[in-house]
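Residue numbers for the sequence shown follow our numbering, so the first one is 24 and each next one is one higher.
Source of the hints: derived by calculation from the structure; they are not laboratory data. Just so you know, these numbers come straight off a predicted model, no measurement behind them. Positions of the beta carbon are idealized from the N, C-alpha and C atoms, including for glycine. Treat the hints with care, since some could be wrong.
Claimed, not checked - Cβ-Cβ distance ranges computed for the label pairs, FRET-style:
#, residue 1, residue 2, range
1, Asn375, Asp395, 21 to 29 Å
2, Pro229, Ser360, 33 to 41 Å
3, Leu45, Met251, 40 to 48 Å
4, Gln212, Phe425, 48 to 56 Å
5, Arg373, Ala176, 42 to 50 Å
6, Gly252, His365, 21 to 29 Å
7, Gln212, Thr297, 37 to 45 Å
8, Thr167, Gly296, 41 to 49 Å
9, Arg69, Ser360, 36 to 44 Å
10, Pro32, Met270, 36 to 44 Å
11, His365, Asp282, 52 to 60 Å
12, Thr167, Asp282, 51 to 59 Å
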Amino acid sequence: MDAGACLVPRKDFPVFENWPDLVYLDNAATTHKPAAVLRRVDEFYRRTYANVHRGVYRLAEEATAAYEEARRQVAEFIGCDDTGELIFTRGTTEGINLVAAVLDSLVQDGDEVLVTALEHHSNLIPWQQLCTRRSLKLKVCPITPDGDLDLDALERMLTPRTRVVAFAMASNALGTVVPAVKVIAAARQAGAVTVVDAAQSVPCMPTAVSELGCDFLVFSGHKMLGPMGIGALYGRREILEKLPPYMTGGEMISTVSWDGAEWAELPHKFEAGTPNAAGAVGLAEAIRYLQGIGMEKIWAHEMDLARKAREVLEGIRGVRVLGCPATYCGIVSFVVSGIHPHDLAQFLARENVAVRAGHLCAQPLLRALGVDAVTRVSFYVYNDYADVEKMAEALEKAIRFFRHDV
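All chains should be modelled from the sequences, with the hints used to inform the complete structure.
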């Protein structure tokens with residue numbers, strides 16, 4: 024395969040048949056779906072659809088089997104050998120909110136929660152709410168001038184009162200990849216529970232919770248070729264069994280009386296109501312597609328495209344690339360002197376280049392970097408060097424349009 028070439032045929036993705044000139048560089052927001060995933064979801068609804076874990080007729084049993092097989096595949100994909108530890112959610116945001124809500128029972132007034140300056144709002148606000156609710160102290164680990172997590176500062180900030188360390192394994196704004204094993208080891212030594220936001224890392228990096236040693240890990244399906252509305256939460260069994268349910272209702276109980284209820288076994292204790300079974304089987308199909316490529320190849324491809332984009336952007340006058348982390352995924356954010364990111368994104372859209380502009384749900388981080396908004400490009404398996412070059416050409420055209428000093 025040529026350097027910088029797509030890892031997969033674009034014809035696998037119907038969107039590119041309908042939008043043949045599209046340069047899609049907003050993959051950190053969501054990814055497009057291969058035909059195989061669309062077919063699998065359609066097949067589930069056409070041939071295997073029924074409510075799961077309820078009926079005893081054949082259709083319901085087949086639907087339940089498909090749902091639980093999807094759980095097994097997703098668990099295996101992240102190196103989890105106990106399907107009771109794999110809880111389906113609507114996505115990363117719900118997964119983090121779930122953990123922040125149920126950990127309420129394991130903290131005491133005056134305890135501490137440690138997050139990092141790299142966090143997406145979804146891995147910040149739930150912890151702010153927990154701290155407010157329980158009179159906890161929220162601490163924020165800083166980053167270095169290059170955009171890496173300051174590990175020395177993190178170790179200094181850990182105390183015997185630290186109960187939770189929550190961090191993104193890869194930043195959605197800077198692309199920084201955090202040395203998760205080191206962070207988790209330090210947190211564990213301090214006696215803290217670790218929560219990993221893997222929304223941007225699971226889609227592109229080999230992931231094994233057994234090797235990471237984390238207590239919780241969350242991610243979303245739609246960022247890795249899967250359907251919207253489905254995600255997963257890994258939780259260590261010994262902790263999950265101590266925690267109360269997040270939501271109550273159907274299917275998450277074993278018995279109910281007028282006086283109370285007893286909860287179902289894991290993972291069903293945390294899956295109240297009718298689940299998104301079609302989303303689960305779609306996510307499993309997306310995982311099969313990614314495994315057919317190889318996660319090591321995807322990781323190398325993303326880093327290569329990000330390196331190329333950084334190199335090209337840094338060569339354009341007036342462009343400032345944010346951060347220069349030691350290890351990064353396929354995310355690059357930048358600002359252009361004299362041009363607001365929203366205006367730039369609209370101009371690029373006219374050139375069929377799709378990017379993200381704004382605060383990226385990371386306002387505290389961007390403020391710390393001295394900006395209110397950025398333009399972000401992000402890559403995936405169907406991108407190539409040509410996409411980087413087309414983006415750069417459109418960017419230079421935009422600079423000529425908006426500015427008269429170049």
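Here is what the structure says about each hint:
1. Asn375 <-> Asp395: 21 to 29 Å: 27 Å, holds
2. Pro229 <-> Ser360: 33 to 41 Å: This hint holds: roughly 39 Å between Cβ atoms.
3. Leu45 <-> Met251: 40 to 48 Å: 19 Å, violated
4. Gln212 <-> Phe425: 48 to 56 Å: 51 Å, holds
5. Arg373 <-> Ala176: 42 to 50 Å: Cβ of arginine 373 to Cβ of alanine 176: about 43 Å, so the range 42 to 50 Å holds.
6. Gly252 <-> His365: 21 to 29 Å: Between glycine 252 and histidine 365, where Cβ atoms are some 28 Å apart, the hint holds.
7. Gln212 <-> Thr297: 37 to 45 Å: Roughly 42 Å apart at Cβ, these two residues keep to the hinted range, so it holds.
8. Thr167 <-> Gly296: 41 to 49 Å: Distance hint for threonine 167, glycine 296 holds at roughly 44 Å.
9. Arg69 <-> Ser360: 36 to 44 Å: At 54 Å between Cβs, range violated.
10. Pro32 <-> Met270: 36 to 44 Å: 41 Å, holds
11. His365 <-> Asp282: 52 to 60 Å: Cβ of histidine 365 to Cβ of aspartate 282: about 57 Å, so the range 52 to 60 Å holds.
12. Thr167 <-> Asp282: 51 to 59 Å: 56 Å, holds
In this structure, the earlier hints numbered 3 and 9 are contradicted, and the remaining ones agree with it.
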